[in-house]
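Participant: The task is simple: from the sequences and hints, build the whole structure.
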Amino acid sequence: MIKSPKRKCGECTVCCEGFLSAKIHGHAMYPGRPCFFIDKEKHRCSIHKERPKDICEPYQCAWLSNFADAIPEWMKPSISGVLITPRNWKNGIYLIAMEANKPFDPKILYWIITFAEERGLPLEIHMSNVVHHRGPKEFQEYMQEQKKLREKTNV
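Basically my numbering = 1-based index in the sequence shown + 102.
Take the hints with a grain of salt, since some may be wrong.
Simulated crosslink set (DSS-like; lysine-lysine; CA at most 25 Å straight-line) [unchecked claim]:
#  : residue 1 : residue 2
1  : Lys-125   : Lys-239
2  : Lys-204   : Lys-110
3  : Lys-151   : Lys-125
4  : Lys-125   : Lys-155
5  : Lys-209   : Lys-250
6  : Lys-178   : Lys-155
7  : Lys-155   : Lys-142
8  : Lys-155   : Lys-144
9  : Lys-151   : Lys-110
10 : Lys-110   : Lys-142
11 : Lys-209   : Lys-125
12 : Lys-155   : Lys-110
13 : Lys-192   : Lys-151
14 : Lys-178   : Lys-142
15 : Lys-249   : Lys-239
16 : Lys-178   : Lys-108
17 : Lys-110   : Lys-178
18 : Lys-108   : Lys-144
19 : Lys-151   : Lys-204
20 : Lys-178   : Lys-239
None of these hints come from the bench; they were simulated from the model.
Source: prediction; values computed, not measured.
Facilitator: Structure, rendered in structure tokens:
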């Protein structure tokens, strides 16, 4: 993905607020546990200049990425309460949509589903601690395979 030159994160720190998983300078971040380095009062990264170049720097939500021209301003994660992340799978790109700080607004969820369907993009939706997959049978099977691999790794 290529960052949109028109958009900047600004005070949006949703990707660091404990919805994604990563290890930042030895500190775990995962769903329910925000990044150790997030400055919640100032809404910014306290180590922005020294942030990991292999994890933090390349991450882009869909609002910031090359989908930006098709995603409205109100879908910025800090405004919509939704974090959408483009990911690769064997047949292209799929989108992961996650509730962030509040339950999905039904209108926003409808917009996300329509956006993905109009572009032929499979979709993984994280809603109320349940993961839903939308897309062709091949995508459904691929995601089941990935789940089994994760389960084997976590045993």
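Participant: If a hint holds in the structure, say so; if it does not, say that too.
Facilitator: A quick look at each hint next to the structure:
1. Lys-125 / Lys-239: 33 Å, violated
2. Lys-204 / Lys-110: 23 Å, holds
3. Lys-151 / Lys-125: Cα-Cα ~17 Å, so holds.
4. Lys-125 / Lys-155: Satisfied, since the Cα-Cα distance of roughly 12 Å is no more than 25 Å.
5. Lys-209 / Lys-250: Not OK: Lys-209 and Lys-250 at ~33 Å, beyond 25 Å, violated.
6. Lys-178 / Lys-155: 23 Å, holds
7. Lys-155 / Lys-142: Measuring from Cα to Cα gives roughly 22 Å; hence the hint holds.
8. Lys-155 / Lys-144: 22 Å, holds
9. Lys-151 / Lys-110: Judged against 25 Å, a Cα distance of about 15 Å means the pair holds.
10. Lys-110 / Lys-142: Cα-Cα ~18 Å, so holds.
11. Lys-209 / Lys-125: 34 Å, violated
12. Lys-155 / Lys-110: 17 Å, holds
13. Lys-192 / Lys-151: Violated, at roughly 34 Å.
14. Lys-178 / Lys-142: 18 Å, holds
15. Lys-249 / Lys-239: Holds. Lys-249 to Lys-239 sits at ~15 Å (cutoff 25 Å).
16. Lys-178 / Lys-108: This hinted pair holds, its Cα atoms lying about 13 Å apart.
17. Lys-110 / Lys-178: The given pair, whose Cα atoms are some 10 Å apart, holds under the 25 Å limit.
18. Lys-108 / Lys-144: 23 Å, holds
19. Lys-151 / Lys-204: 30 Å, violated
20. Lys-178 / Lys-239: 30 Å, violated
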